[in-house]
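Asker: What follows is the residue order along each chain.
4 protein chains.
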Amino acid sequence: MTSLGIGLIGTGYMGKCHALAWNAVAAVFGDVARPRLAVLAEHSQELADRKAQELGFARATGDWRTVVTDPAVDVVSITTPNAFHPEMAIAALEAGKHVWCEKPMATRLPDAERMLAAACASGKVAALGYNYIQNPIIRLIRHLLDDGEIGEVNHVRLEMDEDFMADPEALFYWKSEASSGHGALDDFGVHALSLIRVLFGGVRRVCGQMAKPYADRPVQGGGRRAVETYDIATTLIELETGASGVIALNRSAWGRKGRIFMQLFGSKGTIVYDQERMNEVQLYTVDGLTDRQGFRTILTGPQHPPYDRFIPAPGHGLGFNDLKVIECRELIRRLDGERAHLIEFEDGICIERTVDAIARSAHEGRWVEVEGR
Amino acid sequence: MTSLGIGLIGTGYMGKCHALAWNAVAAVFGDVARPRLAVLAEHSQELADRKAQELGFARATGDWRTVVTDPAVDVVSITTPNAFHPEMAIAALEAGKHVWCEKPMATRLPDAERMLAAACASGKVAALGYNYIQNPIIRLIRHLLDDGEIGEVNHVRLEMDEDFMADPEALFYWKSEASSGHGALDDFGVHALSLIRVLFGGVRRVCGQMAKPYADRPVQGGGRRAVETYDIATTLIELETGASGVIALNRSAWGRKGRIFMQLFGSKGTIVYDQERMNEVQLYTVDGLTDRQGFRTILTGPQHPPYDRFIPAPGHGLGFNDLKVIECRELIRRLDGERAHLIEFEDGICIERTVDAIARSAHEGRWVEVEGR
Amino acid sequence: MTSLGIGLIGTGYMGKCHALAWNAVAAVFGDVARPRLAVLAEHSQELADRKAQELGFARATGDWRTVVTDPAVDVVSITTPNAFHPEMAIAALEAGKHVWCEKPMATRLPDAERMLAAACASGKVAALGYNYIQNPIIRLIRHLLDDGEIGEVNHVRLEMDEDFMADPEALFYWKSEASSGHGALDDFGVHALSLIRVLFGGVRRVCGQMAKPYADRPVQGGGRRAVETYDIATTLIELETGASGVIALNRSAWGRKGRIFMQLFGSKGTIVYDQERMNEVQLYTVDGLTDRQGFRTILTGPQHPPYDRFIPAPGHGLGFNDLKVIECRELIRRLDGERAHLIEFEDGICIERTVDAIARSAHEGRWVEVEGR
Amino acid sequence: MTSLGIGLIGTGYMGKCHALAWNAVAAVFGDVARPRLAVLAEHSQELADRKAQELGFARATGDWRTVVTDPAVDVVSITTPNAFHPEMAIAALEAGKHVWCEKPMATRLPDAERMLAAACASGKVAALGYNYIQNPIIRLIRHLLDDGEIGEVNHVRLEMDEDFMADPEALFYWKSEASSGHGALDDFGVHALSLIRVLFGGVRRVCGQMAKPYADRPVQGGGRRAVETYDIATTLIELETGASGVIALNRSAWGRKGRIFMQLFGSKGTIVYDQERMNEVQLYTVDGLTDRQGFRTILTGPQHPPYDRFIPAPGHGLGFNDLKVIECRELIRRLDGERAHLIEFEDGICIERTVDAIARSAHEGRWVEVEGR
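Residue numbers (my numbering), protein chains in the order written: chain R, 10 to 382; chain B, 10 to 382; chain E, 10 to 382; chain S, 10 to 382.
Hints were generated in silico from the structure; no laboratory data involved.
Hints are not guaranteed to be accurate.
Pairs count within a copy or across copies, as identical chains cannot be separated in the list.
Claimed, not checked - Straight-line alpha carbon distances no greater than 20 Å define the calculated DMTMM-like cross-link-like pairs of lysine to aspartate or glutamate that follow:
(1) Lys184 with Glu289
(2) Lys277 with Asp225
(3) Lys277 with Asp296
(4) Lys221 with Glu161
(5) Lys133 with Glu347
(6) Lys184 with Asp300
(7) Lys277 with Asp300
(8) Lys277 with Glu178
(9) Lys221 with Asp365
(10) Lys184 with Glu237
(11) Lys221 with Glu247
(12) Lys133 with Asp72
(13) Lys221 with Glu373
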């Protein structure tokens with residue numbers, strides 16, 4: 010076990026989340042060397058210094074470029090706003106560093122394609138931060154699918170809903186500007202797509218609909234401005250496996266706080282998952298006497314690795330931040346040349362291409378094939 | 010209060026359900042005259058005699074035509090297989106009887122249109138049996154919407170799932186034959202559409218997808234036969250109100266027994282309903298302190314009429330059959346010239362036209378406008 | 010199948026409920042003769058006449074004694090206030106009628122003992138109205154226990170909560186007077202005890218606590234009056250089987266509407282039931298792989314007789330009033346000399362004796378043995 | 010902000026949990042100096058060395074006494090088996106260190122009393138590890154109570170259930186030996202009591218019952234041995250506030266993994282909490298229109314401090330280990346002379362005395378007053 014040198018760019022929420030993960034991974038898992046938190050970058054030296062102290066990094070810089078070239082750094086965590094990902098990730102890869110970049114890859118598909126090219130050229134590991142797939146429950150679901158517990162999945166429904174855009178009188182801000190992207194589709198649709206990716210692989214065809222619940226919003230200082238993005242997106246899908254389905258996204262869904270509701274219908278059973286109760290999954294199988302069949306609520310526990318590395322007793326509950334620690338361990342596994350449960354640029358680009366296809370299908374009112382899926 | 014004379018055609022489950030309702034309506038509500046259960050028809054005199062005894066009807070016949078012309082009959086309950094509805098309903102209306110016909114109107118749209126024409130020509134009441142809309146919870150939802158409790162509804166999701174077609178090794182039977190209709194779409198999609206009808210009115214545009222989870226099924230005696238109907242149907246929708254949404258139907262959804270899951274997203278709140286827990290509704294509103302907001306589970310009680318006519322205490326629960334008693338009372342209200350909560354042929358035909366549009370859109374892979382919505 | 014002649018005394022909610030059951034039992038079950046609704050009594054002839062019309066009874070009387078002696082009557086339904094039960098039930102039994110009396114037997118234990126003596130002397134059937142035990146779910150639970158599905162039950166917890174006494178500013182009325190009984194204990198504790206009776210048999214020892222959430226209540230016209238009954242009662246129990254447990258009753262439990270929450274812990278599994286979701290039961294068993302165990306929510310369906318007689322499809326839900334129809338069928342079964350799922354006076358008296366023991370134990374602050382359990 | 014020097018004794022699960030908390034507290038909260046992880050003790054130098062590397066401690070020792078006297082240490086985390094707490098805590102306090110000791114204080118009440126005396130004599134902070142009270146939901150509940158949101162609480166029910174002793178054929182081990190304590194009562198009853206402590210203060214009187222679901226258990230090598238502890242404990246309680254209630258504990262409750270179910274009934278509403286869904290709480294209040302009242306499920310979010318320090322978005326979920334980080338922050342607050350949400354020895358001893366009273370009341374079959382509550 011050699012100790013990895015870590016560079017971190019960005020110290021907002023996701024930066025903190027990466028830092029917590031790098032800090033905790035050795036203690037939680039007990040089977041990796043404690044990483045060296047080498048250097049951290051923020052837009053000013055002052056802020057960087059303060060954050061380095063809080064987050065436990067040895068050095069700090071106001072210039073992110075010094076991170077990617079620092080000889081003490083093996084892996085660069087990139088947690089800046091999405092628009093900065095391409096430049097930073099490509100620079101790091103070209104400097105021979107491994108990259109752990111928050112999702113999505115970029116705000117425009119061509120940039121994401123360039124990132125993939127840089128990763129391929131570098132021969133380095135280029136991983137994406139897709140927390141939700143790291144829930145032990147999601148691995149359990151994959152095991153259940155692999156075991157044929159619910160037979161062949163023929164239909165899937167995925168909903169992702171939050172309410173941070175639900176207030177019609179909230180002030181217009183950048184998330185309502187076209188420059189920020191399509192709206193709910195890329196803002197968090199990628200999470201839904203990441204789950205489909207790890208559970209089922211590619212999406213073949215899509216037929217989307219995007220909607221604006223509110224035509225305009227008040228502007229600071231008075232007046233109203235037309236909303237340019239779509240807070241709601243729904244799409245019919247057809248998977249590579251042949252299964253049909255639907256993905257429904259709504260970031261103006263009052264009362265939903267972090268809901269990702271997934272229903273997987275198979276020939277021998279059904280699996281239901283709700284991210285707002287992330288320590289549970291429901292499983293229905295056609296077993297035993299018909300008068301005692303029902304959806305079973307499975308609580309996570311040590312039987313669902315790597316829950317056991319966090320808590321030895323079942324039913325006590327992991328939290329959202331713990332998922333990042335798991336992702337961090339998977340990244341290290343990958344760096345060690347092992348098989349890891351991780352979305353790398355090769356898979357990430359398929360997610361971005363699917364987003365692009367959905368947006369086009371919605372604008373053109375027709376089914377669109379996903380290319381390079 | 011004059012006592013109505015009742016004729017019943019068909020004594021399968023829905024016939025029994027109508028009979029129970031006619032038997033109970035006076036006792037439950039206490040404000041209508043006890044109906045006279047005059048005559049009942051089955052395909053043989055012998056079966057008819059037995060059923061008349063069980064269900065409390067005075068006379069019995071093996072010929073349904075004698076029911077529609079019987080002078081003692083004011084209202085004809087039609088509960089035979091769907092293919093018989095048009096002939097029977099039209100005959101009854103032409104004989105000057107009111108009609109209470111189970112959903113859907115017919116197996117083919119032109120027949121339904123003829124039924125509507127007959128109803129208009131007759132000047133009689135022609136009501137359809139759409140039980141689910143009679144749940145006091147659905148009326149509460151309508152009140153909540155009318156009160157603006159969740160503001161303007163901008164997005165709706167409706168799922169209807171059962172598992173009676175979920176077993177891939179169940180023998181091929183008539184529900185898999187093309188002659189039975191499209192599949193999940195008309196087999197129970199009409200229920201979902203009935204809820205949309207009473208809550209929101211018309212559907213403007215649809216874009217559907219229909220799928221076969223199993224390509225073929227075993228045939229009695231050996232071999233397999235290709236399935237001709239679609240056990241799964243999903244459709245993007247746009248309502249007349251401008252709201253977007255999706256309807257997802259699956260009659261091969263293992264574990265789902267009578268699920269109708271409805272999510273109504275508004276500018277000030279959200280309503281969630283699950284038919285499998287038909288005595289509950291969930292309501293989220295943006296009121297009060299932000300640290301104590303949440304989905305509220307409202308249990309039905311005497312505050313939700315006409316629950317109070319069944320049970321004086323809250324939380325004790327109505328059953329599915331009780332909904333028919335409520336529908337019966339609404340029909341009597343309508344016959345008395347009052348405003349009733351009921352789907353008559355005028356509304357029923359809009360549901361059938363929407364089904365037709367969804368099927369076409371699915372076959373053609375494009376959005377279709379619903380005509381005469 | 011001979012047709013039973015029915016007499017009904019009392020037409021409040023439970024009288025209506027009995028009438029609905031007598032009206033529906035033949036149609037629902039299809040295997041019993043349609044009862045003759047012979048005569049009904051109310052305290053005035055006028056009210057009796059009106060109710061007879063509503064409820065479908067042939068005759069009406071203002072004198073209940075004419076019901077118990079009427080030659081056309083085989084069974085007398087007694088649904089008057091509890092204080093009247095002894096006199097009426099004894100008169101009916103002495104007149105050679107079968108009795109179907111609402112729970113509890115009486116307001117004082119000696120009266121209940123006299124009722125039991127009269128029943129024994131008469132040789133007639135004397136049944137009590139304990140609706141909750143008629144839920145198909147409760148029968149399923151008994152089957153599960155008999156099958157050893159959860160092994161030997163070693164601990165039980167039963168809660169029964171409603172909120173009709175929860176408002177501290179509600180006016181003082183008879184339920185707060187000592188003459189009405191102990192309070193929550195006998196007001197609805199008997200329901201909890203009826204479930205224990207049919208599932209486990211006798212209660213050996215009890216140690217109760219009774220509490221008054223509100224010392225006094227406002228009196229109509231002004232001032233306040235001290236509350237004399239206990240809206241809360243909790244008792245430790247030890248069953249004849251040796252299992253330990255607790256029964257907790259609260260009729261001032263805000264938000265609880267008809268909750269009866271039952272947890273049965275066994276050596277191989279656990280059963281959980283909540284009356285507010287009366288069409289569901291939860292079952293945990295130690296089967297299969299440990300990573301996929303969990304509480305299974307079983308929805309009622311045709312596999313749970315006699316649900317099938319009401320509705321042929323699963324998951325559609327029975328209501329509270331349907332339980333009375335089931336009880337009615339069980340009573341007829343008993344009258345036909347068959348084994349029935351019913352609480353008769355012999356069992357009812359054990360429930361009353363347990364109530365008495367709990368009250369004494371609470372007053373004396375010690376464990377009390379239940380006699381004649 | 011001065012940096013605290015930390016010593017840790019014991020590196021089992023709770024030791025790891027303390028280490029993770031000391032590692033994360035500065036990064037999570039951003040308002041405390043990063044603690045110096047000075048020295049860690051295990052029973053061998055070799056294990057200690059390995060753990061120091063994993064957990065990020067600078068030095069390691071095989072002798073815990075060197076930790077309590079180390080000048081670089083300000084606070085000693087004690088996470089060894091309960092029997093060792095008194096000696097270690099007293100030594101640390103006498104050496105002038107602050108102590109953070111896992112619950113319970115000791116295995117015998119006199120030892121706990123000695124610990125309290127040592128804490129008082131030292132003038133140092135002596136805190137106990139009672140994780141569950143640190144859930145932001147518990148703080149929210151306290152705010153709700155303080156705000157009078159549910160009026161005056163007049164009845165409480167608390168259940169704590171797990172299934173680690175549920176298998177009757179699991180081998181006899183130390184938890185079934187009398188030397189380990191009473192059983193469920195002290196093994197985890199203290200958690201239930203800690204919640205009552207922070208929400209309501211003292212317990213006045215108790216009347217307990219303890220039960221053995223299984224009389225004996227198999228012994229390794231053959232034969233069976235009589236179980237000496239009580240896996241089930243139930244107690245009636247009366248709080249200092251006058252509220253009545255019950256606490257039910259079961260460590261052989263199949264299917265329950267980490268359930269702490271709490272029902273608080275007040276004069277204006279009810280609060281319900283289930284630790285297995287630790288990011289939710291249910292609140293019923295008597296507000297607004299009666300037809301739309303219900304239990305509201307509140308999901309934790311940034312409105313519930315200090316959730317916001319972990320995650321800026323609501324509904325994403327904290328985990329069990331996060332509670333230790335919060336406890337750590339509270340301890341630092343206390344060390345800084347601020348008011349903290351923490352159970353110190355003064356309160357901890359009241360919990361131990363209550364446990365003792367319950368055990369005595371169960372053995373003597375009578376109500377017992379809690380002394381020094």
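Asker: The structure should be examined with respect to each hint, and the outcome stated for every one.
Answerer: Each hint tested on the structure:
no., hint, result
1, Lys184 with Glu289, "neither (32 Å within a copy, 29 Å between copies)"
2, Lys277 with Asp225, "between (47 Å within a copy, 16 Å between copies)"
3, Lys277 with Asp296, "both (9 Å within a copy, 18 Å between copies)"
4, Lys221 with Glu161, "between (36 Å within a copy, 13 Å between copies)"
5, Lys133 with Glu347, "within (14 Å within a copy, 49 Å between copies)"
6, Lys184 with Asp300, "neither (51 Å within a copy, 25 Å between copies)"
7, Lys277 with Asp300, "both (17 Å within a copy, 18 Å between copies)"
8, Lys277 with Glu178, "between (47 Å within a copy, 10 Å between copies)"
9, Lys221 with Asp365, "within (18 Å within a copy, 27 Å between copies)"
10, Lys184 with Glu237, "within (9 Å within a copy, 46 Å between copies)"
11, Lys221 with Glu247, "between (25 Å within a copy, 12 Å between copies)"
12, Lys133 with Asp72, "neither (23 Å within a copy, 45 Å between copies)"
13, Lys221 with Glu373, "within (16 Å within a copy, 26 Å between copies)"
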